[in-house]
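Protein chains: 2
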Amino acid sequence: MTEEKPVVYVVDDDPSVRKALERSLSSAGHEAKTFASAAEFLDFTCPDTPGCLILDIKMPGLNGLELQDRLAEKNFTFPIIFMTGHGTVPASVKAFKAGAMDFLQKPFKDRELLNAVSTGIEKHRRQRKEHKKMEILRARLDTLTPREREVFELVVSGMLNKQVAFDLEITERTIKAHRARVMEKMGAQSLQELVRFAERLGIRSSTA
Amino acid sequence: MTEEKPVVYVVDDDPSVRKALERSLSSAGHEAKTFASAAEFLDFTCPDTPGCLILDIKMPGLNGLELQDRLAEKNFTFPIIFMTGHGTVPASVKAFKAGAMDFLQKPFKDRELLNAVSTGIEKHRRQRKEHKKMEILRARLDTLTPREREVFELVVSGMLNKQVAFDLEITERTIKAHRARVMEKMGAQSLQELVRFAERLGIRSSTA
DNA sequence: CTCCCTATTGTACCAAAGTACAATATCTTT
DNA sequence: AAAGATATTGTACTTTGGTACAATAGGGAG
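As given, the protein sequences belong to chains A and B, one line each in that order. Counting from 1, position 11 in the first sequence corresponds to residue 11 in this note's numbering; the numbering is continuous, with no gaps. Counting from 1, position 163 in the second sequence corresponds to residue 163 in this note's numbering; the numbering is continuous, with no gaps.
Please note that a few of the clues may not be correct.
Unchecked claim - No more than 30 Å apart at the CA atoms, straight line, and that leaves these computed lysine-lysine pairs for DSS-like:
| hint | chain 1 | residue 1 | chain 2 | residue 2 |
| --- | --- | --- | --- | --- |
| 1 | B | 109 | A | 58 |
| 2 | A | 97 | B | 33 |
| 3 | A | 129 | B | 97 |
| 4 | B | 58 | A | 97 |
| 5 | B | 176 | A | 106 |
| 6 | B | 132 | A | 162 |
| 7 | B | 58 | B | 97 |
| 8 | A | 109 | B | 176 |
For the record, the hints were derived by calculation from the structure and aren't laboratory data. Computed from a predicted structure; not experimentally measured.
With these hints in hand, go ahead and build the complete structure from the sequences.
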């Protein structure tokens, strides 16, 4: 469980390209999984491991750019590297504006691709790490009752217990009770940590 | 002082292009300032107002991409929009990977350019706003003595005064003194706010 | 050498937060 | 109707943090 094995997904309609890519990726130590069409890839469910995606621009059916759009709608998070034989400037512009990570023109050197792949995987690793932390925080946040959530927001905003109490028109004693539960449910060891959690969760007190 | 007037900088060696761009930018309500070469622009010091930069790719002397690199070295923060007559895919790729915001191929519609410009200016406005806040915070941080800085880091990490005291091998009373000065110098109205400041400043306790 | 900044510490007190015992009321679900 | 979750509050006590009065000591600038 030190490092999860990354997977490189390749979508290209040309079997010989798939084979060639698979070979160079494998020889560089990457696990490759290939798809012959956008549809085929869309049917596939990627495992929850780091990786990146290599897309051919020109393909029958959905092309690479269209696939990119479809994936974006599904919160697909793998970095995307495009490949193209006779790519156009507008295509590359669209790709990058939609968040592509690289855009390689054939013929390209193995090294170029492998560099892009490594960069993509590293980026995805970091993303995943961050995302997992956020998942945990959001899950904890979801366990708060509406009242606790209110107290949470007001407390991290910097208000004193008595001020929060006044705001919610209840006693300070009750704030302490909620506050203690918030700390416990959020898994915060200190007020400082609770504030950091709130920051990451994008919590802003509605009043301030 | 409601809104600062943005400026659009244009660098293109072709006088007729400069004139044309100036006209369409003006008619859209933007203030334009034009330059005939990369060198000319590098000699210029942009005022501290929002704006964006429009660069021609192909120019005698330094071309647009090279200018982009030079500017990056100087922490130039204005969003860059490229224009090109016969742009190549590698050029657009390089531009985007170096942080370009858009890449327009001539002939382009006025609307395309103006949309890109508006987006760029808005982005820069947000950037500047954030940057100014950070400037203030960094300036305050710089007023802290080394000792106060240490206490700052340990306190926001979540340690109790007594723990910080133990760590620094001084008394809790002294921690309180430093802590009070940190709050005052940083302009924090609460511990919660102090933690948020530390987060933005990227302060991590070296021990934790 | 004096002034200022920095770092340190003391005492005493007050305010704020946290906790250990609780109890009561409402609402939903089973 | 009983169980469980939620929201509320009480008393009493401890711990932690903040402040108002300080004083002392070292180092650097003028």
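Each hint tested on the structure:
1. B:109 with A:58: Judged against 30 Å, a Cα distance of about 27 Å means the pair holds.
2. A:97 with B:33: Distance of about 27 Å is within 30 Å: holds.
3. A:129 with B:97: holds (24 Å)
4. B:58 with A:97: holds (22 Å)
5. B:176 with A:106: violated (65 Å)
6. B:132 with A:162: violated (34 Å)
7. B:58 with B:97: holds (18 Å)
8. A:109 with B:176: The given pair, whose Cα atoms are some 62 Å apart, is violated under the 30 Å limit.
Violation of the numbered hints given earlier is confined to hints 5, 6 and 8; the remaining hints are satisfied by the structure.
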